[in-house]
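*Asks:* In the working numbering, the protein residues as written are 5 to 269.
Hint data in this document are derived by calculation from the structure and do not stem from the laboratory.
Per label pair, the in silico range of CB-to-CB distance:
#	residue 1	residue 2	range
1	F248	H212	22 to 28 angstroms
2	A10	A56	16 to 22 angstroms
3	D177	H212	17 to 23 angstroms
Ideal placement from N, C-alpha and C gives every residue a C-beta, glycine not left out.
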Amino acid sequence: MNDADAARAVRQWREAGPDLVVLDGFHALKHALRFGADVRSAVTSDKDAALALAAELADDLTDAIKESVVEVPAHVLRELVPRVHATQIAALAVRRGRRINLDALSALPRPAPVVVLDNPRNLGNVGAVVRLAAGFGATGVITTGDLDPWHANAVRAGAGLHFATAVERLSPDDFPPGPLYALDPEGEDIRSVTLPDDALLAFGSERHGLSADVRSQATALLSLPMRPQVSSYNLATSVAMTLFHWGGPAAVPEEAAAPEAATPP
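Given the sequences, and given the hints that come with them, work out the whole structure.
*Replies:* See the structure below:
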């Protein structure tokens with residue numbers, strides 16, 4: 005353990021501003037690096053274990069993690085991150101720029117849908133949907149309402165994949181262009197509809213469903229197949245079913261699937 009490096013890392017954490025987000029755990033750091041995040045500080049209480057994880061699960065990032073991750077005492081890590089991840093790794097990264105996200109969301113032609121979460125109430129659900137959207141290659145995730153989709157709990161649930169897609173909070177008046185398909189139990193069976201690549205796919209809140217503003221903008225209301233007397237699906241499950249019906253990302257060569265890893269701090 006290098007005491008000077010550890011002291012510098014701790015100072016960076018304690019002086020972190022609102023533009024920095026916490027990456028909680030090895031997988032969050034791995035995904036952030038793979039998708040070009042500007043990682044400012046990464047700490048662990050067991051660097052040997054971190055390097056072993058990298059060798060096993062992300063050998064493409066072993067060198068970056070070796071250079072960037074600083075070992076600190078376990079009690080210091082607990083002070084910086086009260087709920088320490090099982091992998092004993094945490095990092096700070098610069099939040100992806102709003103202008104970059106807005107440009108990606110509004111660019112046409114759009115190769116994949118945008119997921120809209122209308123006034124979600126659970127940050128864990130938001131993160132789970134971001135993870136799904138990134139995996140399916142969706143253009144991005146928009147939330148309405150007062151929850152910040154970049155809140156630490158959402159980023160934790162998203163395993164760092166906020167950096168793999170455009171995640172922003174917008175009002176319905178500011179939605180990007182494209183036909184809006186809103187999921188609603190009274191809608192047309194989704195299996196009878198082909199979802200275009202430029203679609204916006206809207207999902208209501210876990211408790212209250214679609215807001216009047218989003219419903220009024222809908223090109224069509226669609227419903228997911230559901231057995232009678234079953235009241236609803238989990239939000240992330242609904243998004244997954246809808247994206248699967250859309251069709252998923254086009255096949256691309258593995259070497260073109262992700263940008264180069266970010267340069268270590």
